[in-house]
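Q: For reference, the chains in residue letters:
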Amino acid sequence: MKYLFIVLISFGITFSYSASAEIQFSGYGSIIGGKTLGTVDDPLNPGQTRDEILTADFYDVGQYTNDITFKAESIFALQATMDLSSDLRVTAQLVAKGVDDFTPEFDWYYLTYHVNENLTLMAGRRNIPMYYFSEFSEVGYAYPWMRPPSNLYWWQVTQFDGVHAMYSFDLGDYSNTVSFFYGNEYSYDNVEMLYYDKLYGGSARTVNEFWTDITGMNWNLSGGNFDVRFVYFQNDRDRETIQQDGSIDDYTPFSQTFIGFGGTVDIQSFTLLFDWNFVEYDDARGTEFPTYLVSVVYNMDEYQPYISYSKADHERTKVPTKDLEEHYIMSYGVRYNFLPSASFKLQYDHFVDQGHEATGWAYHGDSDTVSMGVDFVF
Amino acid sequence: MSSFMKKVIWLAVTSFFAFSLLTSHQVVAEVAIVVHPSNASSIDQSSIKRLFLGKTKAFSNGRAAILLSLSPSSPLVDEFNKKVMGKSGSQIKAHWSKMIFTGKGTPPQEMASAAEILAAVSTNPDAIGFIDASSVTDAVKVVATF
Chain Z
1 MKYLFIVLIS FGITFSYSAS AEIQFSGYGS IIGGKTLGTV DDPLNPGQTR
51 DEILTADFYD VGQYTNDITF KAESIFALQA TMDLSSDLRV TAQLVAKGVD
101 DFTPEFDWYY LTYHVNENLT LMAGRRNIPM YYFSEFSEVG YAYPWMRPPS
151 NLYWWQVTQF DGVHAMYSFD LGDYSNTVSF FYGNEYSYDN VEMLYYDKLY
201 GGSARTVNEF WTDITGMNWN LSGGNFDVRF VYFQNDRDRE TIQQDGSIDD
251 YTPFSQTFIG FGGTVDIQSF TLLFDWNFVE YDDARGTEFP TYLVSVVYNM
301 DEYQPYISYS KADHERTKVP TKDLEEHYIM SYGVRYNFLP SASFKLQYDH
351 FVDQGHEATG WAYHGDSDTV SMGVDFVF
Chain Y
1001 MSSFMKKVIW LAVTSFFAFS LLTSHQVVAE VAIVVHPSNA SSIDQSSIKR
1051 LFLGKTKAFS NGRAAILLSL SPSSPLVDEF NKKVMGKSGS QIKAHWSKMI
1101 FTGKGTPPQE MASAAEILAA VSTNPDAIGF IDASSVTDAV KVVATF
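Same order as they appear, the protein sequences are chains Z and Y.
Sequence positions in the first sequence follow the working numbering and run 1 to 378.
Sequence positions in the second sequence follow the working numbering and run 1001 to 1146.
Everything labelled a hint here was simulated from the structure, so no lab data went into it.
Glycine included, every Cβ here is placed at the ideal spot set by N, Cα and C.
One thing to keep in mind: the hints can contain errors.
[Claimed, not checked] Cβ pair distances, simulated, as ranges:
hint	chain 1	residue 1	chain 2	residue 2	range
1	Z	Leu-121	Y	Ser-1134	21 to 31 angstroms
2	Z	Gly-202	Y	Ser-1046	49 to 59 angstroms
3	Y	Val-1142	Z	Val-265	29 to 39 angstroms
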């Protein structure tokens, strides 16, 4: 928190003396507590039982166990924007998460340049527009659930340094935005990959995860009552698992492609949210990850009860086997907008691990989890 | 059932209906969507919705729209949200929090009164706002009422 204070002060000093540019602050946050409800046979240590575990945030490995915690998902973010001219804007987001003991980090910093009414360029650090909810997956106030289903939003890389070109145009009654993006992410000391190394009995010093030449596009199509998005991107993958003695494990780099189609549709008092995605590696095994999400929200004034089903699968086409990772989450919850800029949420998650136990692919284990909290924006 | 209980129930039921009647007749303000008199763009409910959600950023004349709203506590904002946008204030705020924190848009500027919206719209060819239809003057052009 001390660091956050220093950063805030320096923001103030830097910008309060700049007469021409006006800086604007806004922010979002979530205070969420939760716990799993039971114990389960440890899939990786047969014969032993352990607490049920729900990984609510894979990237930062924010998990719920039988002990109530507010650290798995609580987050506080401050955004500063400054218009350097009528066409050029600087944006930075300082994000502090419970999983990092609320150590603030600049997770977002980018320039936005409005070339004309239709074309906007962005350069800097942003989230990769993978899934429909990826770019705002941490802005709890922006969606009905406690979190976008974590068994889909499970990747070890979520951000990148890159450039974006967004072209907007209308076709009849529909608004379109087509975005192209390119960038790289060198994720040193990757939290999720080190967690997996330890989970399977490893003792690596660290794991570095590299996603390079991330090249792709989004096509967003919107009407008055719906918003859908198509995504395609590809990138190269490499990894350094560094052992205690400094040696680096062998790893064969490969490329992956990501395609997806998702969005939201309002039908009278209901909102349908969905996302379908397919990830494919060009590795020797022909790895594929088909995943999807379907959710329905009933908008009843300030109450929004919802259900959600998310399913993830892992397949290998070149060495066919069904005995891999597979799981679904059935979630039930309600969002109550008790203030104009704050909502209370209560969610129950039923996670079913359908992975193959004998080969260690059922490593999540089943879990039932209750979480509740408040999302806010300012 | 005692006659006292019957009276209490009768009173409760009639007060409930009386209250429902009163509240349903509470605000029936007509919302007028106003632009500068020189703005000849074609504007209908669909384009108003998309403009006020930041999905479309420009009028059909190609010029970027400047969106004006009233303070969220204004009853007219509720009418606008309900009749024009078909969403609750919280749903619209959730939408804008997605836009703001991904850098994809800026929400409508909040003005203090209908007079301020009239003043802004009558002097800015790219402004669009909404006011109570009874407050409309010749200085602005009404493109739709709801």
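Q: Each hint needs a verdict: does it hold in this structure or not?
A: Hints, verified against the model:
1. Look at Leu-121 of chain Z against Ser-1134 of chain Y: about 45 angstroms separates their beta carbons, and that is not inside 21 to 31 angstroms.
2. Evaluation of the 49 to 59 angstroms hint for Gly-202 of chain Z and Ser-1046 of chain Y yields a pass: the beta carbon distance comes to about 56 angstroms.
3. Between Val-1142 of chain Y and Val-265 of chain Z the CB atoms are about 31 angstroms apart, so this pair conforms to the stated range of 29 to 39 angstroms.
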